[in-house]
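Participant: Spelled out, the chains give:
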Amino acid sequence: MTRRRPRSTLLFLAMLAFLVYFLLPLFWLVVASTKTTGDLFNSFGLWFSGDFSLLSNARETLTYDGGVYSRWLLNTAVYAVVSAGGAALLAALGGYGFAKYKFRGNGLLFNAVLGSIMVPATALAIPTYLLFSKVGLVNTPWAIILPSLVSPFGLYLMRVYTEEAVPDSLIEAARIDGASEFRIFWQVALRLLAPGLVTVLLFTLVATWNNYFLPLIMLNDPSLYPVTVGLANWSSQAQAGGGATGGLLSLVVTGSLLSVIPLIAAFLMLQRYWQSGLATGGVKQ
Amino acid sequence: MSTVTTNTIPRRARRAQARQAASGYLFVAPFLVVFLAMLVLPLLYAAYLSLFKEQLIGGTTFAGLDNYRRALTDDQLVEGVVRVGKFFLLQVPLMLGLALFFALALDSGVLRLARVFRLGIFVPYAVPSVVATLMWGYLYGPDFGPIAQLADKLGVTAPKFLSDDLMLGSLANVVTWEYTGYNMIILYAALRAIPSELYEAAAVDGAGAWRTAWSVKIPAIRPALMLALIFSVIGSFQLFNEPNLLQRLAPNVIANSYTPNLYAYSLAFTSQEVNYAAAVSFLLGLVIVVVSYAFLLIGNRRRAS
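Chains as they are written, first to last, in the working numbering: chain L, 1 to 285; chain X, 1001 to 1305.
FYI, nobody ran anything at the bench for these hints, they're computed from the structure.
Just so you know, even glycine gets a beta-carbon here, dropped at the ideal spot from N, CA and C.
One should not assume that every hint holds.
[Said to hold, decoys possible] Under the rule of at most 20 Å between Cα atoms (straight-line distance), these lysine to any residue pairs were calculated in the SDA-like manner:
1. L:Lys102 - L:Val30
2. L:Lys134 - X:Tyr1048
3. X:Lys1153 - L:Asn42
[What the hints assert, rightly or not] If you anchor each label on the Cβ, the simulated ranges turn out as follows:
4. X:Ala1151 - L:Leu11: 45 to 55 Å
5. X:Leu1090 - L:Phe27: 19 to 29 Å
6. L:Gly38 - X:Arg1070: 25 to 35 Å
7. L:Leu23 - X:Leu1090: 20 to 30 Å
8. L:Leu190 - X:Ala1021: 52 to 62 Å
[Said to hold, decoys possible] Take a look, some chain X residues computed to stay more than 10 Å from chain L by CB distance:
9. Phe1062
10. Val1081
11. Arg1112
12. Ala1190
13. Gly1285
I would like the entire structure built from these sequences, with the hints used as guidance.
Facilitator: Next up, the structure:
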């Protein structure tokens, strides 16, 4: 029984003003990506002008310096997909284990992990760097991937989600049918956990995709950089070099735009899943 | 299960229980192994390193708590902590207030095009903070920035966003832009999960929309609000990306010790003071845990009363 409520115009206008605020920088980015370096400085920033150079900008971004940007994009994708896939799988296994099995130390271990949500990633980054440099992992892809595999929040979400979505009776029934514990997880539970899993996957994907501090510390070989560190480098070169490297500015802008598109697309495509996945995690404590 | 014979069933049950426990350990083991290696071990290592000192003569020597003593009286570090504390007090209430307002608006059912607003406000979260800061850096620009251009056309002077006075506010704006949508989605998801009986009870009691929001909805999503608050504490105190990138535009405003994290970074990688950097990182982590825990205690006590 849903009653249609009156729509509020005042609220709508207020929200519209906020929407402009949140979308304006992105609008600027799109506009700026269509301009030549000269027009970037000489024309009004919030509207198109001069030649429409989006395609030539994109081509130049992808091929400049032997195609190093394409390499960064590829690195970012590999780091993010491997980290997020691994983190989501570990969180799903662990969350399911904590939710559905009685074992000594269950509560204690879970609370220890939960408490570690408060340990800030960047306070860990410098010690991790020092540890990794001891064992020779610095300046390798593992330096980015390994620390990103731990997602305490993902584990929390998966545990809460398992409690909601996987009924004990179903596990019991599969046991009576003679399925092994791991098979029950893989073939029965994982299907029911899909929305939670997509949520964790997507949020760890964003965290790794957007990571800047860790790769900045860990990597010094530009061919291993993710897009974030590469763009920051280009940007400081453009600012430092003035005329000589001023052309880099339009590459930074176009490169920024190109780096934003994949994640926005992933969120749009998987909307239905991650929103229902979050709805379970947000209320329980 | 019902008992059939007194002797065999308990033993079988016990064996099943042991098997269950073993399976449980197997499921949580992969996570815990990585957790130990990537979280606990670096923390212990940082604690260990922070107890040593590197000197030109004599190499690395045990220093006890010297690094911590130095940190507590290090003006640059203390100023940085105070600065991010100020940032937290300025930015977080604004961001969470906006996020809560948006979430309640989306949930109210009186907003047209709610889906469009939900996505539009959330989109900045998918933008890397490097890109977000670069964009805002250009928008802030005093010469060619669109805001300055617009002000010029209107015949007024734009505020100096990258000046000493406004930098903290400019940083707060970038962070608010990035994370309001994320918090909104967390709160909105929690609002959607409130059982409808609560609303029916409120309606029977004659509560209006505002009253329902204040007395039913907000208390019901307290856990989600606490979660958002804890994440914001962590985010504020470990601020790095945004000041690191804006430093290039305003090197005289943002010093290497502008935030504690920026300070730890420059200690470790510019001045090669690895041991002191470890102590600073460790202390910063401690500050965050203490502040987060204090908020948790306050939140729980309030709920209990």
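Participant: All the hints need checking, so say for each whether the structure fits it.
Facilitator: Consistency of the hints with the structure:
A hinted pair counts as satisfied when its Cα atoms are at most 20 Å apart, and Lys102 (chain L) with Val30 (chain L) does not qualify at roughly 54 Å. Between Lys134 (chain L) and Tyr1048 (chain X) the CA atoms are separated by roughly 14 Å; this keeps the pair inside 20 Å, and the hint holds. For the hint linking Lys1153 (chain X) to Asn42 (chain L), the alpha-carbon distance of about 14 Å falls within 20 Å, and the restraint holds. Taking the beta carbon of each, Ala1151 (chain X) and Leu11 (chain L) are about 30 Å apart, not inside 45 to 55 Å as hinted.
The hinted window of 19 to 29 Å between Leu1090 (chain X) and Phe27 (chain L) holds, with their beta carbons roughly 27 Å apart. As the Cβ distance of Gly38 (chain L) to Arg1070 (chain X) is approximately 51 Å, the hint placing it in 25 to 35 Å is violated. Take Leu23 (chain L) and Leu1090 (chain X): their Cβ atoms lie about 24 Å apart, and the range 20 to 30 Å holds. The hinted window of 52 to 62 Å between Leu190 (chain L) and Ala1021 (chain X) is violated, with their beta carbons roughly 22 Å apart.
Against chain L, the non-interface label of Phe1062 (chain X) holds: every CB pair exceeds 10 Å, the least being about 17 Å. Non-interface status of Val1081 (chain X) relative to chain L is upheld: no Cβ of that chain comes within 10 Å, the nearest being about 13 Å off. In this structure Arg1112 (chain X) is not separated from chain L by more than 10 Å, as the shortest Cβ-Cβ distance comes to only about 5 Å. Once the 10 Å rule is applied to beta carbons, Ala1190 (chain X) is inconsistent with being away from chain L; the minimum gap is 4 Å.
Consistency note on Gly1285 (chain X): stated as away from chain L, yet its beta-carbon is not over 10 Å from all of that chain's, at 4 Å minimum.
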